[in-house]
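Asks: Sequence:
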Amino acid sequence: MLNQRLQFGSARLSLALVGLMWVLPFLYPYHAYPVTTFYQEWLTALLGVLALPLLLTTRFWQAPQVPGIVLLPIGMMMLLLLQFIAGQVGHFDQVLLLSLYFLFAALLMMLGHFLRAELGLPQLAAILAAFLLVGAELNTLAGILQHYRWHTFLDGLITGKVSAAVFGNIAQPNHYANYIALGLCSLGLLHTRFGWRAGLTALLATPMLFVLVLSGSRSAWLYLSFILLLAWLWQRRDRALRPLFGYAAALWLGYLLMHGLVQLPWLQGGSGGSVTAAERLFGEAASGSIRLHLWREAGLIFAQYPLFGAGFGQFAWQHLLLAAELHNPGVSGLYNNAHNIVFQLAAETGLAGLAVLFVTLGLWAWQAFVRRAQFTPEHWWGYAVLLWLGYLLMHGLVQLPWLQGGSGGSVTAAERLFGEAASGSIRLHLWREAGLIFAQYPLFGAGFGQFAWQHLLLAAELHNPGVSGLYNNAHNIVFQLAAETGLAGLAVLFVTLGLWAWQAFVRRAQFTPEHWWGYAVLAVLAIHSLLEYPLWYAYFIGIAAFLLGAFDETGHRLELRRMGRFSVAAILVLGVVLLWQGLHSYRHLENASSARQAAASGIAAEKRAHDELLASLDYPLFSSYGQLFIAGMMEPSEEKLAQKLSLNGHALRFIPTATLSYHQAWLLAWSEQPQAARNQLERSIWA
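In this note's numbering, the protein residues as written are 5 to 691.
For the record, the hints were derived by calculation from the structure and aren't laboratory data. You may find that some hints are simply not true.
Keeping only pairs whose Cα atoms sit at most 20 Å apart, straight-line, the calculated DMTMM-like set for lysine to aspartate or glutamate is [claimed, not checked]: (1) Lys644 / Glu676; (2) Lys611 / Glu639; (3) Lys611 / Asp622; (4) Lys611 / Glu594.
Label-pair distances were calculated between CB atoms; the ranges are [as the list claims (entries may be wrong)]: (5) Phe509 / Arg566: 26 to 32 Å; (6) Val166 / Ala646: 39 to 45 Å; (7) Pro333 / Val580: 39 to 45 Å; (8) Pro211 / Gln444: 46 to 52 Å.
Idealized CB from N, CA, C, for every residue including glycine.
Input sequences plus hints: build the corresponding full structure.
Replies: Structure representation (C-alpha cells):
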C-alpha cells in the first residue's frame with residue numbers, strides 16, 4: 005500500500021514538473037544574442053530531465069510499454085547519424101545537439117504514455133490544461149502590460165515591446181499566438197469537464213482573445229477554425245458535448261468581434277501602435293502574391309460595403325479606385341475578379357450575398373452529408389488515391405523526350421511551384437527552394453541543418469530581389485524535412501504519424517473532451533509547423549512530444565529490460581552533464597559577445613573576447629558557435645591564408661552570415677580561385 009502511494013506521488017510530481025515545463029520557459033523575459041532562446045530551451049530541458057526519472061522506477065520496468073510514435077524521433081536520429089557518416093553534416097556538436105533533441109522527444113513520449121496509464125487520461129489532461137491555462141493567462145497579462153507600457157512592480161519580468169505586434173514574454177508574435185491558442189484550448193476542456201459558468205469562462209477568454217488579435221498572427225484564424233471544426237465533429241458523436249461546440253463557436257465569433265473592439269480609441273496602445281491579424285491580411289501589413297493582393301482588395305471592398313457589397317460586376321472599378329491607395333508595383337492591368345468565389349461575393353454582395361451562399365449551400369450539404377448521407381460505391385477513396393498518385397507520377401512522365409510538345413514548350417504544376425515559373429511571397433520562395441533542394445538530394449536530403457547553406461548556394465541561381473538575410477528553415481515542416489532528409493525522412497514522418505493517426509481516429513477513436521483537447525493542442529502546433537518552425541524549439545517540442553506519447557493508443561513491450569533501464573539512466577546522466585557544460589559554454593559566448601560590443605565602442609576588450617571564445621571551444625555543445633564568432637572577428641587578409649580560408653569556410657557551412665559570406669569571396673580571390681570567388685560574391689549579393 006505504501007509503495008503504491010509513493011508510486012502515485014512520484015507520478016504526480018513528474019506530471020507537475022511537466023506542467024512547469026509547459027509554463028515557465030514561456031514566461032522567461034530576457035532574450036539576447038548570441039542565441040535568443042537559449043535560457044528558455046535550457047530551462048525546458050532541465051525541467052524535462054527532472055521529470056524523466058519516473059522512467060527508472062521499478063513499476064515502469066515491470067512491464068515496460070513504449071508507444072509506437074517513439075519511432076519518429078529515433079528514426080530521425082538514425083538518419084542524422086547516417087548523414088554524419090556520409091559527410092553531409094560536418095559539425096559534430098550539431099549532430100550531438102540534434103541527437104539530444106531527438107532523445108529528449110523520445111523519452112517525453114514514453115513518459116506521456118506511462119503517466120496516462122498511471123493516472124488516467126482525465127486527470128492527466130485536466131492538470132496539464134490547468135497549467136497551460138495559467139501560463140497563457142500570465143502571458144496575456146505580460147502582453148497587456150507590454151502593449152500599454154504600464155509601469156508596475158513587474159517591469160523587470162516583462163519583455164519590452166519593440167514592434168507594433170504584441171508578443172508577451174515569448175518575444176515572437178507567432179509563437180505567442182500559438183501559446184495563447186493552447187490556453188484557449190485548455191480553457192475549453194476545463195469549461196466542459198467541470199461545468200464552469202459562462203461568465204467565468206468569458207472572463208478568462210476575453211483577455212486572451214484581446215492579445216491574440218494584437219499579436220497580428222494570421223495563423224490564429226486557422227487555429228480557431230480548426231478548434232471549431234473539431235468541436236463540431238465531437239458534438240456530432242456525443243450530444244452531451246454541445247457546450248464544447250458552443251464554446252468553440254463563441255471563441256471564433258469573439259475573435260472576429262475583437263478586431264473591431266481593439267480599434268476603439270480608449271483601447272489603443274502606446275506610441276508603438278498595434279497590428280491585428282485582419283490588418284496583416286488586408287491592410288498595409290499585408291504582403292504576398294497577386295492573388296493575395298486581390299483577396300486583400302476584396303477584404304477592403306467588403307469593409308467599405310459590408311451589408312450589400314459594392315454591386316455585381318463592380319470589382320474592376322473598385323480595383324481601379326484602390327490602386328493609388330495600395331501602391332503595389334507588382335499589379336498591372338485589369339483585374340475584375342478576386343480569384344476566390346467567397347472573397348468575390350463578399351466584395352460585390354456583402355453579408356447579404358454571403359448569407360444566401362452559405363445558408364443555401366449549408367442546407368444542401370446538411371442534407372447530402374448528414375441527414376441523408378449516402379456513401380457509395382464503397383471504394384471511391386481508392387479511385388481518389390489512384391488519381392492523386394497518377395497525377396504525381398504524370399509530372400515525371402511528361403518529361404520524357406517523345407512526349408514533349410512543339411516549339412512552344414510546356415510548363416507543369418510542379419514547375420510553377422518550384423521552377424522558373426514560380427512566384428509569390430518569401431514563404432512560397434522558401435518552399436520553392438526546398439523543392440529544388442529535394443530534387444537535388446531526393447533520397448536522404450541535403451543533411452540536417454543544411455537548409456541555410458543550400459539557400460546561399462541557390463541565391464545566385466534564383467535571383468529573387470525580395471529575399472535578403474539568412475533563412476535556415478523552409479517555414480513548413482514537410483518541405484523542411486524533404487529538403488534536409490529526403491524521401492527517407494518523409495517516410496519516417498508519414499509512416500509513424502500515419503499509424504498514430506489511424507489508431508487515434510479510426511481503430512480506437514474516442515470522442516471525449518480530453519481527446520478533443522489533446523488533438524486541438526496538437527493541431528495548433530501542426531498548423532503552426534506548416535507555416536513556421538515551432539518544433540525547432542525545445543519548449544514546443546516538450547508539449548508536442550509528451551502529448552503524442554500520451555495519446556498514442558498503441559504500446560509495444562520492451563524485452564531487454566535491464567539494458568533498457570541502463571540506457572535510460574545513461575541518457576539522463578549524459579543530459580545532466582551536457583546541461584551543465586552547455587550552460588558554461590554559452591556563458592563564455594555571452595561574455596565574448598559583450599566584450600566584442602565593448603571593443604566596438606573603443607574599449608580594449610578584444611583580448612577578453614578572444615579568450616572567452618577559446619574557452620567555449622573546450623565544451624562540445626557550442627564549439628561551432630565559438631568558431632563562428634572567431635571567424636567573424638578575423639580580418640580578411642593574405643596572412644595565414646590557408647588557415648583563414650578553412651576556418652571561415654567551416655563556419656560559413658554552419659551558419660552562412662553575411663560577414664562570413666563576403667569574407668569567403670575575399671579569401672577565395674587571394675587564394676587564386678577567381679571563378680570560385682566570383683560565384684561566392686554573386687551568392688552573397690543575392691542572398
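Asks: Please go over all the hints and tell whether each is borne out by the structure.
Replies: Here's how the hints hold up against the structure:
1. Lys644 / Glu676: Distance ~14 Å between Lys644 and Glu676 Cα, so the pair holds.
2. Lys611 / Glu639: Holds, at about 15 Å.
3. Lys611 / Asp622: Between Lys611 and Asp622 the Cα gap is close to 18 Å, so the pair holds against 20 Å.
4. Lys611 / Glu594: holds (15 Å)
5. Phe509 / Arg566: 26 to 32 Å: Cβ of Phe509 to Cβ of Arg566: about 37 Å, so the range 26 to 32 Å is violated.
6. Val166 / Ala646: 39 to 45 Å: For Ala646 against Val166, whose Cβ atoms are near 43 Å apart, the range 39 to 45 Å holds.
7. Pro333 / Val580: 39 to 45 Å: Given range 39 to 45 Å: violated, Cβ gap about 56 Å.
8. Pro211 / Gln444: 46 to 52 Å: Taking Cβ atoms as reference, Pro211 and Gln444 lie about 48 Å apart, which means the hint holds.
In this structure, the hints that do not hold are numbers 5 and 7, in rising order.
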